[in-house]
Amino acid sequence: MLLRITQFELRYRSKRPATYLYFFVMFIVCFFAVVWEQLSIGGATGQVKEDAAAVIMNQSVTMSLIGLFISSAIMGVSILRDFEHKTSAMMFTAPIKKRDYLFGRFLGSFIVLALVLTSIPLGLMLGRLTCELLPPPAGDMERFLPVFHPEFYWQPYFMFILPNAFISGAIFFLSGALSKRLLFVFLQGIGLFSLYLMTRQMVGRLEDRELAALLDPFGLRLSTVISQYWSIAEQNYQMIPWDGLVIQNRLLWIGIGIICMILTYFLFTFTTPSKKQKKKKTSTDGYSSDGVEIPTGMSLAFDGFQIQYQRISALVKLYYREIVLSIPFIGIALFGFIMLAVNSRSMGEVFGTPTFPTTYLILELLTGYFLFFFIIIIFYSGELIWRERDLKVHQIYDTLPIPDAVGLVSKFLAFVLVHATLLLCLIVLGITIQASKGYYNFELGIYFTELFTNTFISLILFTLLTFFVQVIVNNKFLGHGLMILIFIVNIILAEVGVEHTLLRFDSGDLDGYSDMNLYGDSFFKFSWLKAYWFGFTMLLFGLAVAFSVRGTDTIMKTRAKLAGMRFVRPLLIFTIAAVLLFAGTGIYIYYNTTVVNEFAKSDTQEKDQANYEKELKQYQFLNQPKIVENNLHVDIFPKERDYAVEGEYILKNKSKEPISVLHIQSSVDEDLTFEPFEFEMLDSLKQEGEEFKLAQNFERFSYLIYELPRPLMPGDSLRMLFSGKFDTKGFKNGGTNTAVVHNGTFFNNFNFPSIGYNPSFELGSDDDRRKNDLPKKQRQMERTDPQGIMLQDFISDADWIRFDVTMSTSNDQIAIAPGYLQKSWNEGDRRYFHYKMDRPILKFYSMISARYEVMRDYWVRPNGDSVSLEIYYHKGHEYNLDRMMDGMKHSLAYFSEIFSPFQYRQMRIMEFPRYSSFAQSFANTVPFSEGIGFIVDVDDEKDVDIPYYVTSHEVAHQWWAHQVIPANTKGGTMIVESLAQYSALMLMNKHYGPEKMRDFLKEELDRYLGGRSFERKKEMPLVEVENQQYIHYGKGAVIFYALQDYITEDSLNKALRKFIDEWAYAEGPYPTTLNLMEYIYDVTPDSLTSIVKDMFERITFYENKMLKAEMVEQSGQFKVDMTLNTVKMLADSLGNEQPIDLKEWMYVGLYGNGQKGKDSLIYMQKHYFDSDTTQLSISLDSKPTKAIIDPISILIDKHPKDNSKTISVVD
Amino acid sequence: MFHTTYNLQTLNPMQLTIQNLSKTYPNGVQALKNVNLEIPTGMFGLLGPNGAGKSTLMRTIATLQEADEGSIQLGELDVLRQKSEVRKILGYLPQEFGVYPKVPAEILLDHLAVLKGITNSRERKEVVQALLHKTNLYQHRKKNLGGYSGGMKQRFGIAQALLANPRLIIVDEPTAGLDPGERNRFHNLLVELGENAVVILSTHIVDDVKELCTAMAIINHGEILMTGNPIETLKSMEGKVWKKKVNKADLESYKQKYNVISDKMISGSPVIHILNENDPGEGFISTEPNLEDVYFSHIFNHKVPQPA
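Keeping their order, the protein sequence lines are chains A and B.
Sequential numbering from 1 applies to the first sequence in the working numbering.
Sequential numbering from 1 applies to the second sequence in the working numbering.
Don't read these hints as lab results, they were simulated from the structure.
Among the hints, erroneous ones may be present.
Straight-line alpha carbon distances no greater than 25 Å define the calculated BS3-like cross-link-like pairs of lysine-lysine that follow [claimed, not checked]:
{"no.": "1", "chain 1": "A", "residue 1": "Lys317", "chain 2": "B", "residue 2": "Lys153"}
{"no.": "2", "chain 1": "B", "residue 1": "Lys143", "chain 2": "A", "residue 2": "Lys317"}
{"no.": "3", "chain 1": "A", "residue 1": "Lys392", "chain 2": "B", "residue 2": "Lys143"}
{"no.": "4", "chain 1": "A", "residue 1": "Lys1183", "chain 2": "A", "residue 2": "Lys1108"}
{"no.": "5", "chain 1": "B", "residue 1": "Lys244", "chain 2": "B", "residue 2": "Lys257"}
{"no.": "6", "chain 1": "B", "residue 1": "Lys153", "chain 2": "A", "residue 2": "Lys392"}
{"no.": "7", "chain 1": "A", "residue 1": "Lys557", "chain 2": "B", "residue 2": "Lys33"}
{"no.": "8", "chain 1": "B", "residue 1": "Lys142", "chain 2": "A", "residue 2": "Lys317"}
{"no.": "9", "chain 1": "A", "residue 1": "Lys392", "chain 2": "B", "residue 2": "Lys142"}
{"no.": "10", "chain 1": "A", "residue 1": "Lys476", "chain 2": "B", "residue 2": "Lys102"}
{"no.": "11", "chain 1": "A", "residue 1": "Lys317", "chain 2": "B", "residue 2": "Lys125"}
Nothing here was measured: the structure is a model prediction, and the numbers come from that model.
Please put together the full structure from these sequences, using the hints given.
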């Protein structure tokens, strides 16, 4: 009997389209997660491949979480079905045992569920295999492991997906059986989900991590906790082992599942739910047909706007209800909402500090819903087009006296309403997320602007396209398949070389939103492109109306004949209008993207870069004069997004050889064009009208070679004048420039001509280089390279320059450049600013213009002079101004004290739009993105004070870069970035106290350890860092903090002071880390030299463990006995590790109850370790609770969680 | 706004004229072969076995299907071309149809009334209520159609076909699934409507036609076998139909010997009807011809005297 019921269940499910829909949705999501980079469900990072064991595990478990909804639909509904269909009475009076009924149903449904969930491994696997056939980037096999490992896909299925299905299934089965209402099953799902969210929260706390892993019903936490510190190789090849925590977690939850099953068995009764019994009308009151006459005199209307409107609204209402009330629709919609709600938790964090959930961040989050829209469009377009035929009411509907278009138009409008409903729900969800995070600035205007233009129009376009496909192919499932194909092709188009915006369906989205620059002028391009696509889809819709099936003839010949008959007045006019719109806008778009602007395909660009290197690399180290003075006049036109520049360079031969040719790299930006350059010799032999002959012009690279009228002798100079225009014309095929915008223009000196070959134009990626027959590239020169040490990091055509600039902008904006404001005046509707720097600066300057509010303050030097401080910010972004201002003040004071005096009289921060997320330090000037710092929501208790930290890091660059600039060799960024990190850290240490340092260093350690897995080439030791951010920021911070702890802060600062003293404002040779390390070794005691060497010149790790911590209490004294394990490992650049001798002092700490009941360090001392295992015994006055090695996290340890142990009390 | 008001009383009785209508399906089945019919106002019965081409003919008249050749004229209207005009006066009950399961009958009927052009909500309500009464669905009007039984659904189909005073009513096998009471009620309803409209009723139940129709046609294999008035047709066969109870074993020999138009089992033995001008003897007794005899005699292609 049990088997019979199981069989019945299987047969029933196999006939339900929903079963296939579930499979299809999951399969598609998984498939695209692999194939399509834009869709990520926890995909690969760096050297960890897309099909790495850890990645697949993560994706599988995430998907099984989403599978909850399917589980609730299949498992919960299986028991509810008899009640819903009112067949319960029939079933329950049949001679079926309760056991057979319940377990038969369960087993049948569970088998179906298990089969549906194979969509996860199958989708991922097929995605992986499909990539082999696709062109890059999807088919870039570097993304994958060399060998396909099917076991990576199936192990998570059996370890997590299937048990999760059982657990959730059992719980849903129970709730369905007991409540007999679907709603409760859904609620149950949300409950389980909340438990999962709770464990997510718990994982944040180190102490609770294992408990969280145990309690997580789905195992997502579990797998991340286990694999958190895995190396790249481990992540790639190691599957989660069946041991300890995994077995405990799985047993716990399967046990709970079994208990649910048992409860279901005992608590379930064969009775129908106690719905309020409807009073059954048994009498036939009001029923007397004989006297009734059918009215005949009613007025009928068939034509005219009003009657069509009435009919269409009646139909729209019907179709709308058909969609939104269907269970799969609700399921898909909810499933998407939940996914967004989950994603919102980690939205927009900077260094672990949350940002305010501003509306544009929420909108970015909401774009994740597009996939669900797409599923809904594909699925429900088919349903709607086939609605009448599926229900067999088509013969009735097709004979109704309504025009041919009314049905399709109504279906389309119903769909539009569905989209609008979902968009409104998304807005409500967005606002709820904002409110739940305590943010109440609901910018409804922005919500509506974005969702009801950009998103809405895309949805409409896709809906129209789908309608067309469904109508023409006249086969629902073929239509589904074709649409998915079209969708994929549309994505791949760009990647296979079809990059023209006119050929990519639904192209022309709005640019990202910025509070400062709003949507820029992207509405212009947006409107034209969407009008173009609307014209296209209108045309398709017209055809769809003509070819739509009405009646029972479905062969194409008859449909074509009817279509011809349908092209009468209204449809004909509509179609012609569509064609006109399509063609007209198309021509205008073509004119803008391809005639007015250059249409450059990315592979041409790649070729150009390769050819640049092939033809011009020979000139890289050609002796050239250096720029020593730069005077500029820049007129910025924010409204037109243009600027004009007139500039003067004074070039001086600083070498010992005469120079007879001048190589100029002019602008490669098509928007920026320069007039022919003018020159003048400034040597003693100069004459009027001396000609600089243009010897060679590499137009494709804007690279010009001039012959000087006579060689420029050492020490002599020449003048170069340039005059250029930056002209934003119409719109481009690709994205618009984000540098010159309506509000928040920000560009730098790299726009202007430079001298000599520019190696930064070279192709960087080894793959691209290989494709273009170029050898692998060394990232940087050795530290001993004689040419390298004579060049500055970043800028090779200047050392230090005199700088003067006059800027003008529209009169509502402020224009800012490095230097001190000499004068500001208005002329006509323009506002002028003259800035001048009174000492040489790096040839690295920014030009900024925006509508600003200004916050002013000042800092007084020890000698009594004041330094003015200014923050130029966007109105409304006041949240963190005080933190930034304090950051500037404290930094200037502290760095002046410990390093050297601040070289300028003024320091400024200016906000720029969030098109990029960084802050950058120019001479006395720090542009600071609105995307970081300005909108973070700092909780001093929990979070790192990011605005303060970033500010002090940037201010530190006024020393590390603007006083000491390193040579263009390996290790350069250690001098610039690691020292800026160190400076900021020490300020934070002073300001927030050493206890807080742990939070910082943990973040930085994480950045380093995490960054290692992104490494594309090879990891370098800190002193040889090749501009690798995870090393010079992350590792740099930890190592310098450790260094000052070992050799004392004073000694380190003394060394740095001396380093600055001797190397500040060098003009070549420039310092390298070889030089810096000399100063450091000078102040390092011999006993520590080898440790310092390990830190800086090698890649070392610690593997420290607190094995045992026990405490005995004796008359108010607490004696703690600890057993510790300490290992030091040396790693090579590929990550292969081997242990080395360890003889070091390391901190051991004890936590006890401190103030406010919080844990705090009540003991921290260094102890000496010289063997793997060490016994320690410490006595204290107060009661410790936890023992830890390296409490402030200054040693690089990949498993910091085993560094501590809760102390157990022994009698 | 262009409101067209059709007032039944002011319109002349119409006639449906079908000429040389042929249709062959893509699979080669010739569903209609050169059909010619004149259907006047009133009830017209289209009689034929399953697969005879009734539904094809009905669908073609109901604008659902194209014909290969021929024409259909309804009054002034060319049915095959002026489809939208025809639909304005058409009420159609397909042989097989479904409903929106989650919509109550009253709502769907109202919805269809809107689509049929009854713009005034008060008038619409009156019509809907009246039809619900007429089809005996009034007490179930609030119930979702998904919960309707086969008979109720069929009655709903009838109700929707009668919305908006159709002047051309096409009902394809309307009484299938109705119990005798319902069938009667439906017949009454049709007769009432047939006074002012062309009503085409397709059926394979002979009694439907006998009870209702003033004119009829018999169709088989896509061909019209006979047309005429049921009463007159019966008259022409009067005295020519004979019946006899026979042994089962002898059935074949009787079929060889006589024009057997039907054999029916009555209390376990076949009773045969034969067509013969004179008394064939052999125990045959004369019997009143019924429509079934007419029908079967045509279906089995016997020589039948045509009414004068």
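Verification of the supplied hints:
A distance of roughly 23 Å separates the Cα atoms of A/Lys317 and B/Lys153; the hinted pair therefore holds under the 25 Å criterion. Distance restraint check for B/Lys143 and A/Lys317: the Cα-Cα separation of roughly 19 Å lies within the 25 Å cut-off, and the hinted pair is therefore satisfied. The straight-line distance between the Cα atoms of A/Lys392 and B/Lys143 is roughly 20 Å, inside the 25 Å bound, and the hint therefore holds. Proposed proximity of A/Lys1183 and A/Lys1108 is supported: the alpha carbons are some 17 Å apart, at most 25 Å.
For the hint linking B/Lys244 to B/Lys257, the alpha-carbon distance of about 14 Å falls within 25 Å, and the restraint holds. For the proposed pair B/Lys153 and A/Lys392, the alpha carbon gap of about 13 Å is at most 25 Å, so the pair holds. Proposed proximity of A/Lys557 and B/Lys33 is supported: the alpha carbons are some 21 Å apart, at most 25 Å. With a C-alpha separation of about 18 Å, the suggested pairing of B/Lys142 with A/Lys317 holds against the 25 Å cut-off.
Only pairs whose Cα atoms come within 25 Å are accepted, and A/Lys392 paired with B/Lys142 is accepted, the gap being roughly 22 Å. Distance restraint check for A/Lys476 and B/Lys102: the Cα-Cα separation of roughly 22 Å lies within the 25 Å cut-off, and the hinted pair is therefore satisfied. Between the alpha carbons of A/Lys317 and B/Lys125 the distance comes to roughly 18 Å, so the proposed pair stays at or under 25 Å and holds.
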